[in-house]
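Trainee: So you can see what is in the structure, the chains are spelled out below.
4 protein chains.
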Amino acid sequence: MKSRKRLNVAMIGYGFMGRAHSNAFHQVGHFFESSYDLRLKLICGRNQPQLKSMATQWGWEEVAGDWEAVVERKDVDVIDICTPNNLHAPIAISAAKAGKIVLCEKPLAISVEESEGMANAAQNVPTLVWFNYRRVPAIALAKKFVDEGRLGQIYHYRATYLQSWGAEPAAADAWRFKQSEAGSGAMGDLLSHSIDLALMLNGPVDEVSALVRTFAPGREVDDAVLMLARFANGSVGSFEATRYAIGCQNRNYLEIHGAKGAIRFDLEDLNRLHVFDASDAKEVHGSHNVLVTGPGHPYTSHFWPPGHILGYEHTFILTMADFLQSLEKDETFHANFQDAVKVQRVLHAVEESSQTGSWASTAMQFANS
Amino acid sequence: MKSRKRLNVAMIGYGFMGRAHSNAFHQVGHFFESSYDLRLKLICGRNQPQLKSMATQWGWEEVAGDWEAVVERKDVDVIDICTPNNLHAPIAISAAKAGKIVLCEKPLAISVEESEGMANAAQNVPTLVWFNYRRVPAIALAKKFVDEGRLGQIYHYRATYLQSWGAEPAAADAWRFKQSEAGSGAMGDLLSHSIDLALMLNGPVDEVSALVRTFAPGREVDDAVLMLARFANGSVGSFEATRYAIGCQNRNYLEIHGAKGAIRFDLEDLNRLHVFDASDAKEVHGSHNVLVTGPGHPYTSHFWPPGHILGYEHTFILTMADFLQSLEKDETFHANFQDAVKVQRVLHAVEESSQTGSWASTAMQFANS
Amino acid sequence: MKSRKRLNVAMIGYGFMGRAHSNAFHQVGHFFESSYDLRLKLICGRNQPQLKSMATQWGWEEVAGDWEAVVERKDVDVIDICTPNNLHAPIAISAAKAGKIVLCEKPLAISVEESEGMANAAQNVPTLVWFNYRRVPAIALAKKFVDEGRLGQIYHYRATYLQSWGAEPAAADAWRFKQSEAGSGAMGDLLSHSIDLALMLNGPVDEVSALVRTFAPGREVDDAVLMLARFANGSVGSFEATRYAIGCQNRNYLEIHGAKGAIRFDLEDLNRLHVFDASDAKEVHGSHNVLVTGPGHPYTSHFWPPGHILGYEHTFILTMADFLQSLEKDETFHANFQDAVKVQRVLHAVEESSQTGSWASTAMQFANS
Amino acid sequence: MKSRKRLNVAMIGYGFMGRAHSNAFHQVGHFFESSYDLRLKLICGRNQPQLKSMATQWGWEEVAGDWEAVVERKDVDVIDICTPNNLHAPIAISAAKAGKIVLCEKPLAISVEESEGMANAAQNVPTLVWFNYRRVPAIALAKKFVDEGRLGQIYHYRATYLQSWGAEPAAADAWRFKQSEAGSGAMGDLLSHSIDLALMLNGPVDEVSALVRTFAPGREVDDAVLMLARFANGSVGSFEATRYAIGCQNRNYLEIHGAKGAIRFDLEDLNRLHVFDASDAKEVHGSHNVLVTGPGHPYTSHFWPPGHILGYEHTFILTMADFLQSLEKDETFHANFQDAVKVQRVLHAVEESSQTGSWASTAMQFANS
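Residue numbers (this note's numbering), protein chains in the order written: chain A, 1 to 369; chain B, 1 to 369; chain C, 1 to 369; chain D, 1 to 369.
A few of these clues could be false.
Identical copies look the same in the list; a pair holds intra-copy or inter-copy alike.
The calculated lysine to aspartate or glutamate pairs, modelled on DMTMM-like cross-linking and capped at a C-alpha distance of 20 angstroms, are [unchecked claim]:
{"no.": "1", "residue 1": "Lys52", "residue 2": "Asp37"}
{"no.": "2", "residue 1": "Lys282", "residue 2": "Asp147"}
{"no.": "3", "residue 1": "Lys52", "residue 2": "Glu33"}
{"no.": "4", "residue 1": "Lys143", "residue 2": "Glu283"}
{"no.": "5", "residue 1": "Lys144", "residue 2": "Glu283"}
{"no.": "6", "residue 1": "Lys143", "residue 2": "Glu268"}
{"no.": "7", "residue 1": "Lys52", "residue 2": "Glu62"}
{"no.": "8", "residue 1": "Lys282", "residue 2": "Glu148"}
{"no.": "9", "residue 1": "Lys260", "residue 2": "Glu148"}
{"no.": "10", "residue 1": "Lys282", "residue 2": "Glu168"}
{"no.": "11", "residue 1": "Lys178", "residue 2": "Glu148"}
{"no.": "12", "residue 1": "Lys144", "residue 2": "Asp322"}
The hints are simulated quantities; they were obtained by calculation from the structure and are not laboratory data.
Use the sequences and the hints to build the structure in full.
Mentor: Here it is as structure tokens:
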């Protein structure tokens, strides 16, 4: 094994995502070789007892309370942001200015303007946005098929992200329902994932028509958002994200229909990709039910033999593995801050369309910003 | 068995739907008792050799070539229309004026105006529109659950009707691609079914935003239509109908999420209904995979014991069975011409919205007509 | 259309199967051209009021009470037997001796000896046994794949036939629980179907080891039967048939694994065949989920366009259609009485093995008979 | 967090299972609190370069080549055995005699006698056998339902463990095909898992009838094994394990039918349990499709929020978590060596039955040993 460069990570925030990131930082070295040696240097947050407990359980060396001091520390190489959304921008911009590698949870920001400020500030540092579902092996396989032209010209892109906990508010993180901290509801939390995958798999969105709805009386953020889209490649898209789909826990679903084939994916069945190949003999036309655990599948050889399934957390491990490889090869990692700005532009068009009742261009609002 | 009143049927048109209707007229008496005795009196169409062949195979007593003469015949009680869409209105209006019972394929007409003319002309005769999917036992079970309030307040209605033969035009009926005969493409052919079910299951649609697309160069009618909807009950809807969903043959899918439960249906799996009941114990929360073949299910006791599945054609048999019962009881049958006018109004709003790029009200265009 | 020869059918018995057969006799001519014109001449049974009601509903011309007279009638060409199992042999033998075409429900008989007597008596008349699942289009497609060698050498054959009504005896036909009338329980009723399909798809069974169980106290017939099998082709088989599989209504399931591919079928999802093709590219290895409704599928072009599903009753229609074609071409139809004798031999070996606790040969008991 | 007792682990063997165990030792402390602090002290094996590479990647402190020396080391508390099967007994017996905690891969041994020797030697030390599938949350939920009597009297137990790599021997670990090292093929590797789950879920097996088959010419071990079983509780069982199920990678499937309900599980869909509850209203009778990720499900609260799926490796983490808890509470852990002896007895009966062609008692061979 090669000699390795140490990378000290400081994580700001320590909730659900803090645990998922901590796990990824630990596990990436077990499954991937790298010239970087990640160290879990410190975690920073407001509640010191909780922070200490988490540091002990996950092996963080230190705890801290003041992120502004943390981003200035010389012994920190990487700032990982998993705070409420309204703090992403100030922390990321400070960290970037201090020359740190910056990792940030999605949605990147609560407005296009903010996200562009972040992207500008971070032009000279490596950035990563935790759009972790890009690294689901089944999604990566879908991307490969699209890139190879195996679906042919794309006609339809369809995505739904269905959860139900908005209807059971007791169970939820309080900040996710506050406009000032979350910026939005299902839009930033769920639709952002669907849009990021759509941009990766099907290219730019030109225009959207959207409907935004809050079902819970008095709630500050949206519970559901529906969107039609015109893609630059001529295909049409249908999107829906909601926290009011009773019975659905994490149904992040997408389906693409092209001239030569189709694919279908559901996050609740993370290890499967359904692939229709129009070139199959007619009598066996039917979606291939592919268990994407190898052989011949993206990423999977790093884990277990074929047939042994992966879980949610592996998407974070894989995100980190690819990021470390991009650092090593000095290549641009995706999704980075620039990629996330594109997502914000679509989210902005969604808001605009939902207010005007007309189609909104993602380019128009780009010109304004 | 009671003595039965003879009803002589004349069918105008003899394609795919002609066979489905012929089958229903034959079979309804085998599975249902009725005070009416349906007779397959005559079929009318342009191609006499084909017509004769069909009459022989399906036991029609006569063939005829002139529908205007047929609707005037004294020995005809029922006119069943399964011609191309542009002929629905003239035939139906003449038949209604002649006092006949009028059955008509969907979409009822090629415009709201035309459909309203038909409904007006037929005010005093029993009418039926072949929105046959209302009588899928699983759909009827869903309707029962909705009516009993078992889904609670509805939040989301989602429907997709996915076919692929638009991309293989050689296989298609030629008239279905002609504006003058079909009026529209996926809209009238597929979306009309989805809208009819939505109106039945979830009530009126107030407004829509829609996108209509023709993928095939030079084709006169739409290949795909996407629609967002605001329902009068406060729920939001997403609809998509396409003939360009490669790999899908007849995926007429719908899903409803309410406060207390959810249901999911796919026509390619016609005998199943997936039912989520939020009042189940948490540890067994999960959609019930219900094989809707009885016991305790709508319609199914008329056919085979539980576990023996029904097919596509049974939806027509059941439509006819309910219609005969409504005649016998002198009750209003649904879907009738008035119901179909409501579908046309939504379709009209779809066209309007797709042209203006803004939301269109189903009420506004109603005022115009 | 060609001029057609009239075939007068007399049906003995009038229960669930009587309805399924009546339907097939009516419908075969609607979906298939034939040089035979089936007439529903008479039904024969003990309960005259029920018989008359059924005759009216299904269009049988006459009713009769004495099967011995019926089989002698000159104006009857075909005897169709759907009585309790113990009457199959006497009726079939008399009918065959009278030169009639003989159709008989399964299981053919209640012993090997009886079935051989029937086959001997019927050597010179066309016979049919209603092993209707051979004509499920998905099963016919599986047969085609096997015959073409597309599964390669077969390693595994697995069949389960799971129902639950044995645990709810109130719902059941009384005669099915009587040893004297039914002969056996799940064995003759369900396992016979699985064995017939296995013999058709995978060839002869050499030996079996079996376990037979009655769960209901005091019941005369078996509720469940499990069987291991050695096939002549070197493959191994696992079979299970039960009326005590709570939650299963009609799960007639089979799965075959060969060197080059695999297929999987479930009667509750009658229109699907899952096909694994080892020659697919590794990255899309996965069962094709084939909706067996055409194009390119057995039988389906006779009914509706692709994507429009068929039901249970179509298997009877297709059985009749193939039978009429075999008459017309003077070819041997399968499954005939000889085929059904082979099923009885396996059932006999099952009983023998369950009594001795050792493997039983299907050839040994053949030598004895 | 409490002060923790250090437990030094030495792992003998370093293949696929070595990685799965290493991961479990690392991860258990991240997701579970414990009074034990596991240390990855040393790994022992024959190939020192491979061993060093693995030690570096997985953070083992030392490497060693001589297991006999390792089991004597004072600074080792736990011996974890993941060598080929023939080495399980000598290592485990030595380790137990040296007073170590002993963890061992399955199958525990290559004969009943050997396994009993191991269990005897280890009477006074804590033992664990890596029957990891006991800790699949869905399986644990099934166990809870069985224990609560929610399935009622059990009628049927059905298990298949289907893999295909036996037909692609190039891909396989060489030792697994050698009689001297593996002891058996599908029997010890796959059927042992199915039997362990059956004994846990459905209690003792009295008798079996089995068929063992090797398809590959010249192969020393079995490729497939089929087994019928009579359980002590009166239910009947069907088992099948094979490495020749083309198209199946890791389909460890089980299904239980009882008087009040049924459950169904497939390891390739690890996070699901299908639950039929006969007490549901008839009209919603159908298996609940339960995503076993909480709330209210075993184990899942330790990982991610509901809807975020777990993978194969979590079963090892959970096994370790429960084992540490049993140590802490001084309770007996299952599956231990005694439990694994019971599995060996069934495997022995399988071999006996396959040789004699008759049913074999698990008690009889117990008396012999």
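Trainee: Run the structure past the numbered hints and jot down the numbers of the failing ones, going up.
Mentor: Checked against the structure, the only hint that fails is number 11, while the rest are satisfied.
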